[in-house]
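Chains A and B, in that order, are what the protein sequence lines are.
Just so you know, the first sequence maps onto residues 1 to 184 in my numbering.
Just so you know, the second sequence maps onto residues 1 to 123 in my numbering.
Rather than coming from a laboratory, the hints here were simulated on the basis of the structure.
Cβ atoms here follow ideal geometry from the backbone N, Cα and C, with glycine treated the same way.
Among the hints, erroneous ones may be present.
[Claimed, not checked] Some chain A residues close to chain B (C-beta under 8 Å, calculated; not the full set):
1) Ile15
2) Glu129
3) Leu133
[To be verified] With a straight-line Cα cutoff of 25 Å, these simulated SDA-like cross-link-like pairs (lysine to any residue) come out:
4) A:Lys94 / A:Gly153
5) B:Lys93 / A:Ala93
6) A:Lys10 / A:Met107
7) B:Lys92 / A:Gly153
8) B:Lys92 / A:Leu183
[Stated by the list, open to error] Away from chain B, derived, C-beta distances all over 10 Å, residues of chain A:
9) Pro28
10) Pro47
11) Val49
12) Glu81
13) Asn85
14) Arg128
15) Pro132
16) Gln154
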Amino acid sequence: MATNLILPEKPINRITVMQGQARVSAGPQVEFNTVLGSCVATCLFDPEVETGGMNHFLLAEPPKSHGQVNVDEHYGVYLMEVLINEMLANGAAKHRMRAHLYGGANMRAGMARIGTMNADFARRFLERERIPLVREDLGGSSARRIEFRPAHGQVRCRTVANTMVQETPPTPHVPRGAGDVELF
Amino acid sequence: MSNALRILTVDDSASMRALLLHALSSRGFDVVQADDGQAALQWLVTNDVDVIITDINMPRLDGFGLIERLRSGERHCDRPILVLSTESSDEKKARARAAGATGWIVKPFDADKLVAAVRRVAH
């Protein structure tokens with residue numbers, strides 16, 4: 001008697017991309033996920049090498065009015081570069097990259113519109129870097145949960161309760177190794 | 001004639017160029033910028049600088065290639081070249097050192113440390 005074997009699917013390796021992080025993978029069973037309020041997540045995908053990556057940033061750029069111009073992992077201008085460099089290191093090419101942007105909500109009326117500033121920065125950054133933006137879900141006042149399959153470029157974006165968001169205010173610390181100078 | 005040190009920054013990220021421009025020009029440096037190694041190389045054919053600060057991952061000609069090309073010629077073989085990169089692996093640093101880089105700075109950069117390094121390596 002013939003038996004139909006049902007093979008169990010390989011489990012999905014779900015990785016949460018926390019605020020201040022950028023992750024890249026070509027693993028077909030990998031899924032990046034994150035929850036966003038005013039933060040923005042960028043998902044990059046290169047279809048030829050089937051590799052993708054996600055970052056999650058809290059603020060766009062340090063204010064120009066400040067005397068100090070120290071850029072840490074809170075800022076999109078740093079995390080965008082980390083994400084692109086990781087993509088390049090994994091065989092992606094910049095001219096083939098396609099981008100998705102999510103988040104940038106303004107969840108508290110009367111507060112600074114940080115979400116809008118983050119979204120505007122992310123759009124401007126991609127335009128300057130000539131990376132096509134193929135999908136965005138930005139703005140509004142609701143939190144979002146993002147699930148991204150980096151090897152397939154597939155994204156699921158859904159609204160979630162604002163109480164699920166845990167955005168940590170920026171603290172004046174510099175990541176380990178940042179700014180270190182080594183003279184040869 | 002200005003006595004300000006002239007710095008060439010080489011980075012394909014427009015946002016990073018803007019940050020470097022602000023960090024260096026607000027501290028009195030004369031700043032020139034190129035968006036990749038090839039553009040830098042072309043500009044350096046007819047121009048001089050005191051220090052070059054270059055990214056590694058760039059289109060057309062990356063930072064390693066730029067350093068190697070400058071070191072293989074006569075005009076800029078002694079020019080101080082600082083690498084400014086998000087990467088910090090020993091393998092990449094060793095490669096930069098072998099190519100002839102003067103130093104390595106890890107992004108995100110601390111403006112004061114960057115300026116101190118520039119002043120230290122400038123001839």
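Against the structure, the hints come out as follows:
1. The interface hint given for A:Ile15 is broken, as the beta carbon of that residue sits about 20 Å from the closest beta carbon of chain B, more than 8 Å.
2. At its closest, the beta carbon of A:Glu129 sits 7 Å from a beta carbon of chain B; the interface hint therefore holds under the 8 Å criterion.
3. A cut of 8 Å between beta carbons decides the hint on A:Leu133: the least distance to chain B is about 16 Å, and the hint is violated.
4. A threshold of 25 Å between alpha carbons decides the hint, and for A:Lys94 with A:Gly153 the separation of about 15 Å falls inside it, so the pair holds.
5. Between the alpha carbons of B:Lys93 and A:Ala93 the distance comes to roughly 23 Å, so the proposed pair stays at or under 25 Å and holds.
6. Of the supplied pair hints, the one linking A:Lys10 and A:Met107 is violated, its CA atoms being roughly 38 Å apart against a limit of 25 Å.
7. Distance restraint check for B:Lys92 and A:Gly153: the Cα-Cα separation of roughly 29 Å exceeds the 25 Å cut-off, and the hinted pair is therefore not satisfied.
8. At most 25 Å may separate the alpha-carbon atoms for a hinted pair to count; B:Lys92 and A:Leu183 meet this at roughly 14 Å.
9. Its beta-carbon lying about 25 Å from the closest one in chain B, A:Pro28 satisfies the requirement of being farther than 10 Å from that chain.
10. A:Pro47, annotated as away from the interface, keeps every beta carbon of chain B farther than 10 Å; the closest lies near 19 Å.
11. The beta carbon of A:Val49 is kept farther than 10 Å from every beta carbon of chain B, the shortest such distance being approximately 16 Å.
12. The beta carbon of A:Glu81 sits about 5 Å from the closest Cβ of chain B, which is not more than 10 Å, so the claim that it is off the interface is violated.
13. Not every C-beta of chain B lies more than 10 Å from that of A:Asn85, the closest at about 5 Å, which undercuts listing it as non-interface.
14. Residue-level check failed: A:Arg128 sits 4 Å from the nearest beta carbon of chain B, not beyond 10 Å.
15. The Cβ of A:Pro132 sits about 16 Å from the closest Cβ of chain B, beyond the 10 Å cut-off, so the non-interface label holds.
16. Annotated as non-interface, A:Gln154 keeps its C-beta farther than 10 Å from every C-beta of chain B; the closest such distance is 26 Å.
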